[in-house]
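*Asks:* Here is how the chains run, residue by residue.
Number of protein chains: 2
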Amino acid sequence: MTNLLKNKKISETPFRKEVLSIFTKYNNAIPLSIVEKELREYNRITLYRTIKIFLEKGIIHEIIITGEKSNYAICQEECVTNLHYHQHIHFKCNRCGIVSCVEIGKFPAIILPKYKIEQLEIQATGLCKKCNA
Amino acid sequence: MTNLLKNKKISETPFRKEVLSIFTKYNNAIPLSIVEKELREYNRITLYRTIKIFLEKGIIHEIIITGEKSNYAICQEECVTNLHYHQHIHFKCNRCGIVSCVEIGKFPAIILPKYKIEQLEIQATGLCKKCNA
DNA sequence: TTATTATTGCAACAATGTTGCATAAAATAA
DNA sequence: TTATTTTATGCAACATTGTTGCAATAATAA
Numbered sequence: 008m009t010n011l012l013k014n015k016k017i018s019e020t021p022f023r024k025e026v027l028s029i030f031t032k033y034n035n036a037i038p039l040s041i042v043e044k045e046l047r048e049y050n051r052i053t054l055y056r057t058i059k060i061f062l063e064k065g066i067i068h069e070i071i072i073t074g075e076k077s078n079y080a081i082c083q084e085e086c087v088t089n090l091h092y093h094q095h096i097h098f099k100c101n102r103c104g105i106v107s108c109v110e111i112g113k114f115p116a117i118i119l120p121k122y123k124i125e126q127l128e129i130q131a132t133g134l135c136k137k138c139n140a
Numbered sequence: 008m009t010n011l012l013k014n015k016k017i018s019e020t021p022f023r024k025e026v027l028s029i030f031t032k033y034n035n036a037i038p039l040s041i042v043e044k045e046l047r048e049y050n051r052i053t054l055y056r057t058i059k060i061f062l063e064k065g066i067i068h069e070i071i072i073t074g075e076k077s078n079y080a081i082c083q084e085e086c087v088t089n090l091h092y093h094q095h096i097h098f099k100c101n102r103c104g105i106v107s108c109v110e111i112g113k114f115p116a117i118i119l120p121k122y123k124i125e126q127l128e129i130q131a132t133g134l135c136k137k138c139n140a
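Taken in sequence, the protein lines are chains A and B.
For what it's worth, this note's numbering labels the leading residue of the first sequence as 8, then goes sequentially.
For what it's worth, this note's numbering labels the leading residue of the second sequence as 8, then goes sequentially.
Treat the hints loosely; a few may be bogus.
Partner residues are not named here, just some residues of chain B that face chain A (Cβ under 7 Å, in silico) [stated by the list, open to error]: (1) Ile71; (2) Lys123; (3) Ile129; (4) Ala131.
Hints listed in this document are in silico derivations from the structure and should not be mistaken for laboratory results.
Idealized CB from N, CA, C, for every residue including glycine.
Could you build the full structure based on these sequences and the hints that come with them?
*Replies:* Right, dumping it as structure tokens:
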């Protein structure tokens, strides 16, 4: 995390640092609306561009659960730019509403005859650890 | 398919029949832009409302592959309204661009300790049957 | 055929996202 | 450190996507 921006070769500006710190603060995925609330003041356009470049550089990744707004979460180290081969599934809790990346022991092998699968994304909804307790 | 609209208890209008026939014509998922192209003329608002009610009534379902526009496909019979427990995965071909529902023999069992999984959605990208040949 | 109910299309708006360009700030070279 | 180059920011303006109230119209039920 120390100097993630420089590592990814993008300029370190106060705004980008602030947005990054918001993502690091949460350990689950968050929608843009939460980023906006955390920023005391911000420029809409700059925020869009910041999100865009963070996505491009593999700093964050986007999680779209059908019927929900986009959520964003910090990428783990194995997340190479533009090739998000997740070893986790994306989970949305129907009770608390939190979207998170859940590590999974062994990723299921899906075999489709004659197809070539390059990327796999698994999304689940239900009750999270806390809400299921 | 004969009288799907009446079965789902929504009025049968010329426009709805036309939109439905477009979805039936394709045997893969299609984005709104294709529906628009197939309709010689249409009202934007009515189309949105038609898609919305088709989704609500379980006539079509929405497929959102990260980074892509929404695609829509006719629901199979097992698709009960509001509870799309797919026995297929959603596949996007990186070469021809087509999004489709691919039937899968046995759905993988994903177990997350302490979580309760209610719905599972699996998305894959790669090369489809045709493009991989 | 008539009465009731639901759909359509218009106008107007709201939310979300993009682009060109001048200014300001950050990174790099001297 | 300063000067130069490169990149980011903010404004204005626009594009796309989706929504709502309401009057007119069409579909269904009686």
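*Asks:* All hints, please: hold or fail.
*Replies:* Here's how the hints hold up against the structure:
| no. | hint | in the structure |
| --- | --- | --- |
| 1 | Ile71 | 5 Å, holds |
| 2 | Lys123 | 4 Å, holds |
| 3 | Ile129 | 5 Å, holds |
| 4 | Ala131 | 5 Å, holds |
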